[in-house]
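Undergrad: Each chain, letter by letter, is given below.
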Amino acid sequence: MKVAVLQFPGSNCDRDAYRAVKGPLGLECDLVWHKQTSLAGYDAALLPGGFSYGDYLRCGAIARFSPVMEALVRFAADGRRVLGICNGFQVLCESGLLPGALVRNNHMKFVCQDQPLQVEDSDAQFNSAKLGSSLTVPIAHGEGNFRIDEPGLEQLRRNRQILLRYSGNEGNPNGSLADIAGVRNTNGNVFGMMPHPERVVEPFHPNQDGLKVLKAFFSLN
Amino acid sequence: MSEAQKTEVTPLVEEELRVPITPEVVEQHGLLPEEYQKVLEILGREPNLTELGIFSVMWSEHCAYKNSRPLLRMFPTDKAEPNPSVGRILVKAGEENAGVVDIGDGWGICFKIESHNHPSFVEPFEGAATGVGGIIRDIFTMGARPALLTNSLRFGDLESPLARRLMRGVVSGISHYGNCIGIPNIAGDVYFDKCYEGNPLVNALCLGVLRHDQIKRGAAKGVGNPVYYVGAPTGRDGLGGASFASKDLSEESHEDRPAVQKGDPFMEKLLMEACLEMMAVPDLVVGIQDMGAAGLTCSTCETASRGGAAVEIDIDLVPQRETGMNSYEIMLSESQERMLVIVQAGREHELESIFEKWDLHAVQIGKVIEGDRMIVKKGGETIVSIPAAKLADDGPVYDREAREPEYLAESQSWNASSISDLQPEEVLTALEKLLGHPTIASKEWIYRQYDHRVMADTVVDPGHSSGVIRIKTDTGEKYVSIANDCNNRYCYLNPRKGGIIAIAECMRNLVCSGATPLAMTNNLNFGNPYNPEIFYMFREAVIGLADACKHFDIPVIGGNVSLYNQGPDGAIDPTPTVSLAGLIESIDHVTTREIKNGDEVFLLLGDFPDEIGASLYLQTQYELKTGDAPDIDLHAAGRLYDFTLEQIKNGRVHAAHDISEGGLLVTLSEMLFGETTFGAELNLNPTPDAGRIDALLFGESQNRIVLAVPPTFVESVVEAANDASVPVHELGTATKAPVFNLSISGKTIFQTETSKLRSIWDEAIPAYMSRI
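Chain order of the listed sequences is A and B.
Following numbering that gives the first Met the number 0, the numbering of the first sequence begins with 0 at its first residue and continues without gaps.
Following numbering that gives the first Met the number 0, the numbering of the second sequence begins with 0 at its first residue and continues without gaps.
Chain A extracted, bound-state conformation (with noise of 0.2 Å):
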């Protein structure tokens, strides 16, 4: 398995994707520079967090346009894995890989924090019975509040695409329809969320639950 970690001129959790990948995982891994036109060789691509372009229209909307994002779509259809963590997410709604979008958390403020997390039973990789029925995985994010139309939801629902609910005593962090934290497409190859799980993969994190959540995504034991 060879991951492409891609970096967009703002990501900022480029490197922080990148070790976790190479290191706790032991994954073969590189830095993709938003500029390269091809992704031959990869298995499988990992979108990190940050700001890509400054998110000066809505976060994401530039990034799509990135020579990069025309392989990824390629990529993605090739049935390759595709992962979107934060605004790695934002990005993959922009640019139609995934449904849905993500507006302003609806108190208007950032918001870090541990969250916890309900999982759904989504697909063989991403079950209860491999992850658990809970984690808890920071979020860190002023735009995450997931929206989508009724029949989008309804859809969702049905192709059990739902990967993630924000749950916990404070509930809900922004406002996110039906507490959604993380969604997949139908062909259950491209997956995003807003936590950050590349943020607690290590002995010295608050709990180790994104490595659950990485190896469940790049199906390794």
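These are calculated hints, taken from the structure and not from any lab test.
It cannot be assumed that every hint is accurate.
[Unchecked claim] Beta-carbon label-pair distances, calculated as ranges:
1) B:S758 - A:R156: 32 to 42 Å
2) A:D29 - B:E349: 17 to 27 Å
3) B:D77 - A:S37: 50 to 60 Å
4) A:S218 - B:D77: 53 to 63 Å
5) A:R156 - B:R346: 34 to 44 Å
6) B:R210 - A:D148: 51 to 61 Å
7) B:D77 - A:M107: 26 to 36 Å
8) A:L219 - B:A79: 52 to 62 Å
[Said to hold, decoys possible] Counterexamples of contact, computed for chain B against chain A with all Cβ distances above 10 Å:
9) N82
10) G378
11) Q411
12) A455
13) G569
14) V600
15) T711
16) S715
17) V725
18) V727
The beta carbon of each residue, even a glycine, is placed where N, CA and C say it ideally should be.
Given chain A, put chain B in place with the hints provided.
TA: This is chain B only, laid out in the frame that chain A set:
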């Protein structure tokens, strides 16, 4: 004819700048008549308007430290007893944009704090955001990759809508800039006091990490080497910001809005990555300097001065984002996210290709030439020619008049007998008032808006005495701890003790996290230095800081002076904010304030003195800011730090928390507010027995730390404390049942559910901030 008189300068090509330099024009530029005389002597002729503008910003308080330099000389800037393996000062204060300390194995940390007080008052969001941007540039200019941010904030009473508006704007400005660029904001201190209502303080710190061989200098060396302008284009924003920061705030300050810069964290992120990539190329960069205060002017003359050469730039080549800018505006603009880079001649393409990759401007605007001047050309003509070192380093320096304010002696002689002692049945209410005071209450409302986990190296989150990060080096891991402190009430009531205590408290915070303190940076926030009483307070506070630093061999590696912090209602309390960074040897030594099991024994290191003066309790209970600051014995402090660290390293400590604002009972309460809420069964047996209850529970006597120790280690810790001449008292135990029981000498004082106390502490600031 002297050397100076020989320089010819062409009359300014810009018509609008060709005005006679009258005494009024000089005054508008904030230069005194004697300072203008010095300008005439240096030039050997009359300056033109652009040159006058250049002198005015370079000799402003902000850039020239003209009223503070004699005081700053009191700070130790190097180790008295250097340890060859860790803690050596690699770049000293004043040499470069920021100082560098050795953390061992060929690695160093570079850190500095800087204020953006006035801009934050006028435009809280942009003011605070650009404050963060400026300090980040100071750090990566040194070749270091920024690894953490902290900030010291001071606002008025949150009852005031203005204070709430300022806090909302400042916090979102810091959050916006830091989160975007992706540097974790892991610690800070926030105080609320009426004295900051018309003049909030926003002091931002950045710490970066680098190998010794990566240290870069801001010097223009090597005749013929090209000078590059990189980053954002120049606009009219921030015109004369350094001069703006050098006068009192007034009703008219909002008219100075053009002096507030606009920040673009995305641009800064690109600039940072491009510069770090460029500096990683061996021997490519000769010198690098950010364009901060006084922009192009400051970077040009400082690089020339440090390099002992002349720098010549052509202003027509400067990237501009507005049309029709004249030389005065271009030289004085404080547009953000710009740098000056001197590269090795012949290797220009290496720099250019890196900046092309990041889609940033990189334009050669000049070169290093023979001589010692800063030369600016426009349209082929020389329009500025000034000896660089004289401009950069020979600014006016004043020893101002100092006079002790009369209130000091009066308040220091205040006697606690003038207020009645607390009755046992009043203790719980008094504790609740303190826990609900924003200075003590949880700051989660603030730090939840900061991304404190990005980079995935955060070991201890904000909300503790110190923030801790892991640093991955090529050979292993290191742990850096950082804390900010300054109690304005102590400094207002006894500036010298206030300065000493700022250092002592900061050291206690580091020690409680398991760290050995290494070095200090400070931000000296005071009122108008031309007021002799304010200058007296300034001088006394600096003496206090310097004495404490010398005592503990803690060098000052850089900092910032912010004067003229006063609004129409008067000056702020003296606020010399300090920040210390320290090193934790092993991840196993990282300690926080939170009880872990609920069976630990509380040990007070230190005594039960009878001091209540200057306490926050006097404020919350009586609205009094009076009395003397607590006494402090630095030798006892040293024993306390050594002992605490030794116990932590021996693995005997589950939690450690220092006693500061709010006193013993606040410290103990906070130790119960962890991921789990615990209870406590406390019985205090003060010796001597006759003291006041308020001083016992809420007094802020110094040199005190509470340890939470597993029952099996109590005996050995107490014995070791006795051997080390550190006073120690058993206070009781933590309990799993979340009920707080307090007795004094066996007599019950109160019993309450911990969650009730915790919700007061948790909800105080959100409740204020939910109001308009």
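Undergrad: For every hint, state whether the structure bears it out.
TA: Taking the hints in turn, this is what the structure says about them:
Separated by about 37 Å at the C-beta atoms, S758 (chain B) and R156 (chain A) satisfy the suggested range of 32 to 42 Å. The hinted range of 17 to 27 Å is satisfied by D29 (chain A) and E349 (chain B), whose Cβ atoms lie roughly 23 Å apart. Checked against the hint of 50 to 60 Å, the pair D77 (chain B) and S37 (chain A) passes, with Cβ atoms roughly 54 Å apart. The hinted window of 53 to 63 Å between S218 (chain A) and D77 (chain B) holds, with their beta carbons roughly 56 Å apart.
Separated by about 60 Å at the C-beta atoms, R156 (chain A) and R346 (chain B) break the suggested range of 34 to 44 Å. Against the hinted window of 51 to 61 Å, the Cβ-Cβ separation of R210 (chain B) and D148 (chain A) comes to about 53 Å, which satisfies the hint. Between D77 (chain B) and M107 (chain A) the C-beta distance comes to about 48 Å, which lies outside the given range of 26 to 36 Å. In this structure the hint that L219 (chain A) and A79 (chain B) lie 52 to 62 Å apart at CB holds, the actual value being about 54 Å.
For N82 (chain B), the non-interface assignment is confirmed: its Cβ lies about 26 Å from the closest Cβ of chain A, beyond the 10 Å cut-off. Annotated as non-interface, G378 (chain B) keeps its C-beta farther than 10 Å from every C-beta of chain A; the closest such distance is 35 Å. With a closest Cβ-Cβ approach of about 43 Å to chain A, Q411 (chain B) is found to remain outside the 10 Å limit, as its non-interface label requires. Listed as a non-interface residue, A455 (chain B) fails to keep its Cβ farther than 10 Å from every Cβ of chain A; the least gap is roughly 4 Å.
With 10 Å as the threshold on Cβ separation, the claim that G569 (chain B) sits away from chain A holds: the shortest Cβ distance comes to roughly 33 Å. Chain A leaves V600 (chain B) outside its interface by the beta-carbon criterion, the shortest separation being 26 Å against a cut-off of 10 Å. No Cβ of chain A approaches the Cβ of T711 (chain B) within 10 Å, the least distance being about 25 Å, so the stated non-interface status holds. The Cβ of S715 (chain B) sits about 27 Å from the closest Cβ of chain A, beyond the 10 Å cut-off, so the non-interface label holds.
No beta-carbon of chain A comes within 10 Å of the beta-carbon of V725 (chain B); the shortest separation is about 30 Å. Every CB of chain A is more than 10 Å from the CB of V727 (chain B) (nearest about 31 Å), matching its label as outside the interface.
Hint check: violations occur at hints 5, 7 and 12; the rest are consistent with the structure.
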